[in-house]
Amino acid sequence: MNLKRFNWEPYLLLLPSALYLVFFLAWPMFQAFGLAFQADDGHLTLDYMQRMFSDVMFSAALINTVKLIIAIVPLQFILALVMALLMMERLRGSDILVYIYSIPLAISDLAAGIIWFSIFTQRGYLNSLLYGLGVLDKPFLFLNYQSNWPFAAIVLAEVWRATSIVFVILVAGLQSIPRDYAEAAEVFGANWFTRVWRVTLPLLRPSIQTALILRTILAVQMFAVVVAIAGRGMTVLANEAYRWYSEYRSPHLAATYAMFILVISLGTAFIYLRALRVKEEMVL
Amino acid sequence: MAEIHVESVRKTFGKVKAVWDVDLTVHDREFVVLLGPSGCGKTTLLRCIAGLEQVDQGRVFIGQRDVTDLPPRRRQIAMVFQNYAVFPHLTVFENVAFGLRMQHRPKDEIKKRVQSAAELLHIENLLDRYPSQLSGGQRQRVAVARAIAVDSLVLLMDEPLSNLDALLRLEMRAELKRLLREIEATTLYVTHDQVEALSLGDRIAVMRDGQILQYDTPLNVYDKPADLFIGGFIGNPPMNFLDGEVRTEDGRLIVRTGGGEIYPPPEASAVLSRLKEPSVLVGIRAENIETLSAPAEDALQATVLVVEPLGSHNLITMQLGPEQIKVNTDADFQAQPGQTIWLRLNTDKIRWIDKASGRALDYDVSPQS
Ligand SMILES: Nc1ncnc2c1ncn2[C@@H]1O[C@H](COP(=O)(O)OP(=O)(O)OP(=O)(O)O)[C@@H](O)[C@H]1O
Ligand SMILES: [Mg+2]
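Here the protein sequences come in this chain order: A and B.
To convert, count from 1 in the first sequence and add 1262; that's our numbering.
To convert, count from 1 in the second sequence and add 59; that's our numbering.
Simulated from the structure, these hints should not be mistaken for lab results.
Note that the coordinates shown come from a computational prediction; the quantities given were computed from them, not determined experimentally.
Among the clues, some could well be false.
Derived DSS-like pairs: lysine-lysine, alpha-carbon spacing no greater than 27 angstroms straight-line [stated by the list, open to error]:
#1 B:K170 <-> B:K76
#2 A:K1541 <-> B:K408
#3 B:K408 <-> B:K283
#4 B:K414 <-> B:K283
#5 B:K170 <-> A:K1541
#6 B:K76 <-> B:K408
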């Protein structure tokens, strides 16, 4: 009677998503790996990698990507955190905030890029507004590739578009923390700031981790918004992968860029996991 | 330490009157228990005092100071929460030190105070652990240690023992009693467990539907419940209530019940004779009924229904006329279901209750302070 029958049920239920992951993620990844390290005649090579690193656009793409991540992720995180904490204070009408904050979630990144392009372009909304108000006497060329404006516009567009995903993750995390902790902190003398700093944020760590990993990885892959706003004026890693594939017809180099992006993504995830590690004993 | 004084406090949630016109005074160093069934507003009243809920109306004073409009952190209170709320990301030491750190006490003072609070609760060897590495009872001790480590004016506890298993609860109950006598804290303690209330409180405030029905010593609440509800809520088994009708026969006042006639003592007769309606409830506790194996002049005839041996005594359910009545007897009392027994009620211990209002006849407004 003690014989345990092997229970297939959980594996059966996992099967569809496992198949999906294998065919649409693992397999293409494996293929990309092959493209990046295998010449057309089949022998292994580091040629493509060398060509990527020595390409004139590579360092610009890498630097721009890193600069954008450094500008966007902290800004988004702080904004989302402030919004989420405000939301949790249950001030009157704060429920509506969720909906307002979540609207950009429904918009694709290309569309978001185009919206912000139409704001900043020479005959765009911003120029019309400033002209109409008499601030400018002729349209200002915001998206001039020599200036920092395209960069700023991309940061703005990304913050507008993707802060809400961080916000949603943080709100979910905050809602899962029992109110008791905040109340205990209050009773024992903590003001709002100390309470957030000493109690809420430490308990929110798992959600912060998730949000940061997700956001940074998506930022490493940033593409459509950059293309829409800066066109050819500015390049990022994903942009190079696309260019090598569609313009220079070199799937090998495109795949090498993709591998490089993958490595950076894995690296960031790993760093966050280590830096924000939640010790097992700190979880009730 | 200081006294707590609550004046006609009201708190509603939508249409629910969670606390309705409550007056309550807890004297300096007194241990008062708020007792009542689930949902009667105990937690809400405690949270109003703590400042975790805003009152709709009324004032709250702690140590003569009107704190009604102050946030919790300005009220100089300490609290033990029902599910402890010890911070999982802090060690036991840091948990106990939390309030002191908020007051920016010097390091060595914090260390000393944490140490002494930990010793009082026997957790001094757990100080480096995290709450997840503790048992429920140990977490509970940490929560209490955190509360007594700070210089608070009053100590508020919301069902601190309810999450412990029965044995541990018994042990912690006695320990809490010792501890609180030692530190002489003004304490307001919430529970829905009447045994806990009787064993711990200097006084008990019995609540129902957002109101305090009786505020008295445990002995008085037990022996002289203010009304039908309290008699039925407190005590195990609850008080017996027999339907009775007041009559005068041969110039003497008697109360006729379905099981026979009861002769009230003179003081009770005086009160009963002033009743407008002759209907009363005769409230009598199981231990105030004597069992006789032979008829006697003032004994009522009853039939044994169920005998429950409980070790220290037997609990016997009997049929008395149309009603059932529970009686405590010695453990060696022998009886068979169906057997006829005679019951003598200790009439001095009877609570006479007005059937219309449910209030005890001799019970005037309970002393609130
Ligand atoms: N935040 C709230 N929102 C709405 N109703 C509430 C809220 N808190 C309490 N109530 C209601 O107020 C009444 C009193 O609740 P309270 O928690 O004070 O009861 P209690 O005596 O502590 O009960 P228990 O013994 O179950 O803890 C209940 O009817 C409850 O449903
Ligand atoms: Mg409660």
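Hints and how they fare:
1. Under the criterion of a C-alpha separation no larger than 27 angstroms, the hint pairing K170 (chain B) with K76 (chain B) is inconsistent with the structure, at around 44 angstroms.
2. Annotation: proposed proximity of K1541 (chain A) to K408 (chain B) is violated, straight-line Cα distance about 61 angstroms (limit 27 angstroms).
3. Our distance criterion of 27 angstroms between C-alpha atoms is met by K408 (chain B) and K283 (chain B), whose separation comes to about 8 angstroms.
4. At most 27 angstroms may separate the alpha-carbon atoms for a hinted pair to count; K414 (chain B) and K283 (chain B) meet this at roughly 16 angstroms.
5. Among the hinted pairs, K170 (chain B) with K1541 (chain A) is consistent with the structure: their alpha-carbon atoms are about 25 angstroms apart, no more than 27 angstroms.
6. For the given pair, K76 (chain B) sits about 35 angstroms from K408 (chain B) by alpha-carbon distance, which is inconsistent with the 27 angstroms threshold.
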